[in-house]
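First to last, the sequence lines map onto chains A and B. Take the first sequence: its position 20, counting from 1, is numbered 28 in this note's numbering, and each next residue is one higher. Take the second sequence: its position 61, counting from 1, is numbered 148 in this note's numbering, and each next residue is one higher.
Just so you know, these hints were derived from the structure itself, not from any lab. Remember, predicted model here, so these are calculated numbers, not experimental data. Hints are supplied without guarantee of correctness; some may be wrong.
Among chain B residues calculated to face chain A with C-beta under 7 Å, some are [as the list claims (entries may be wrong)]:
#, residue
1, Thr-184
2, Ala-187
3, Arg-188
4, Ile-190
5, Ala-191
6, Ala-195
7, Pro-196
Think of the CB as a built atom: it goes at the ideal place given N, C-alpha and C, for glycine as much as any other residue.
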Amino acid sequence: MNTSPVTTDDVWLVVPLFNEATVIGDVVRDARRTFPNVVVVDDGSTDGGADAALAAGAVVVRHPVNLGQGAALQTGLEYARSVPSMRWVVTFDADGQHQVSDVLEMLEKARAEDLQVVFGSRFLDDRTTPSLMKKVILRLAVGYTNLTTGTKLTDAHNGLRVLRRDVVERVDITQNRMAHASELVAQIGEMKVRYGESPVHILYTDYSKSKGQSLWNSVNILVELILR
Amino acid sequence: MKMVIQLLLIAVVVLVVARLFRSRGARAQAIRRIGLVVFAAFAVVSILFPDLWTRIAQDYLGVGRGTDLVLYALVVAFLSFTVTTYLRFRELETNYTRLARRIALSEAPRPDDDSGEQRPS
Numbered sequence: 009m010n011t012s013p014v015t016t017d018d019v020w021l022v023v024p025l026f027n028e029a030t031v032i033g034d035v036v037r038d039a040r041r042t043f044p045n046v047v048v049v050d051d052g053s054t055d056g057g058a059d060a061a062l063a064a065g066a067v068v069v070r071h072p073v074n075l076g077q078g079a080a081l082q083t084g085l086e087y088a089r090s091v092p093s094m095r096w097v098v099t100f101d102a103d104g105q106h107q108v109s110d111v112l113e114m115l116e117k118a119r120a121e122d123l124q125v126v127f128g129s130r131f132l133d134d135r136t137t138p139s140l141m142k143k144v145i146l147r148l149a150v151g152y153t154n155l156t157t158g159t160k161l162t163d164a165h166n167g168l169r170v171l172r173r174d175v176v177e178r179v180d181i182t183q184n185r186m187a188h189a190s191e192l193v194a195q196i197g198e199m200k201v202r203y204g205e206s207p208v209h210i211l212y213t214d215y216s217k218s219k220g221q222s223l224w225n226s227v228n229i230l231v232e233l234i235l236r
Numbered sequence: 088m089k090m091v092i093q094l095l096l097i098a099v100v101v102l103v104v105a106r107l108f109r110s111r112g113a114r115a116q117a118i119r120r121i122g123l124v125v126f127a128a129f130a131v132v133s134i135l136f137p138d139l140w141t142r143i144a145q146d147y148l149g150v151g152r153g154t155d156l157v158l159y160a161l162v163v164a165f166l167s168f169t170v171t172t173y174l175r176f177r178e179l180e181t182n183y184t185r186l187a188r189r190i191a192l193s194e195a196p197r198p199d200d201d202s203g204e205q206r207p208s
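Build the full structure now, drawing on both the sequences and the hints.
Printed below as a string of structure tokens:
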């Protein structure tokens, strides 16, 4: 096993972007120090975030209209598929919540244990400190997802994931809005692939808190999942 | 007697929802068209014999007035309309997403050059 330095040329970061102009430039620059390949899917932003991403060195794919985060993820996966040298895709949030060091650990785990999917989990260590309310909602959400998809995860609604090429080629996200996270877990569950979880640290900054999912959103997710 | 209409309405609601949830394509379209013809016949008969529904309602279904019976039918019709519209809307959204994605990907820079020279760094 070639461990140091880990090659990152065959890794593509897929970053869905919607109106995060204030942070996206730094997020892309920071990520590109480790991962040269970053595709930012601009989901119809109106704040010039796409230009900031481009200036920071990302490949930018622009949705002509706003379609939703799930749709943006799928577009990013399809772009990554068209790159012959891609072996891994990492789904990464645009708002600076995710750590590049966590991604490296996830990739290492995937390579060492021959996993096809590694999910990031906030609940495997105590670095992440969500509010009590958020904790309860996330626990309920993961309980529901495990129940309906036959997977065993501790955190199903984490945007940080590592997918191997064979999985990327089979994923087809149709839930345009928030229910895509559960949909992805469900599809991976059905594929019977080897998956694992790796602890990640989610930074709840004031910025991300102001944009985060509310309690109301979990109601919407549930309805979208039931009426799919 | 009241039980009969309740059971009937519930059965219809469940059947319509179950049917419309799964049906697409030629068969669904045919069913919808037959439904339309039946509805037209229903309307014509109601106009010609206004008392007919009150009689049917009271004698066979245990509903007080024909108006009530029509109201129940309307509720069922509205419900099925809501469900079909939702499903059609979702289908439309799926197509619209595919179209937008195709445009986005065809306008994106070609991914095949691994040198990355086109990208500023």
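Here is how each hint holds up against the structure:
At about 5 Å, the closest approach between the beta carbon of Thr-184(B) and any beta carbon in chain A falls short of 7 Å, and the interface hint on this residue holds. Interface hint status for Ala-187(B): upheld, as the beta-carbon distance to the closest one in chain A is roughly 5 Å, under 7 Å. With a cut of 7 Å, the hint placing Arg-188(B) at the interface with chain A holds, because the nearest CB-to-CB distance is about 5 Å. For Ile-190(B), the interface hint holds, the least distance from its beta-carbon to any beta-carbon of chain A being 5 Å, beneath 7 Å.
Checking Ala-191(B) against chain A: minimum C-beta separation of about 5 Å stays under 7 Å; hint holds. This hint holds: Ala-195(B) has a C-beta 4 Å from the nearest C-beta of chain A, less than the 7 Å allowed. Taking 7 Å as the C-beta contact cut-off toward chain A, the hint placing Pro-196(B) at the interface holds, the least distance being around 6 Å.
Consistency with the previously given hints is maintained throughout, with no hint failing.
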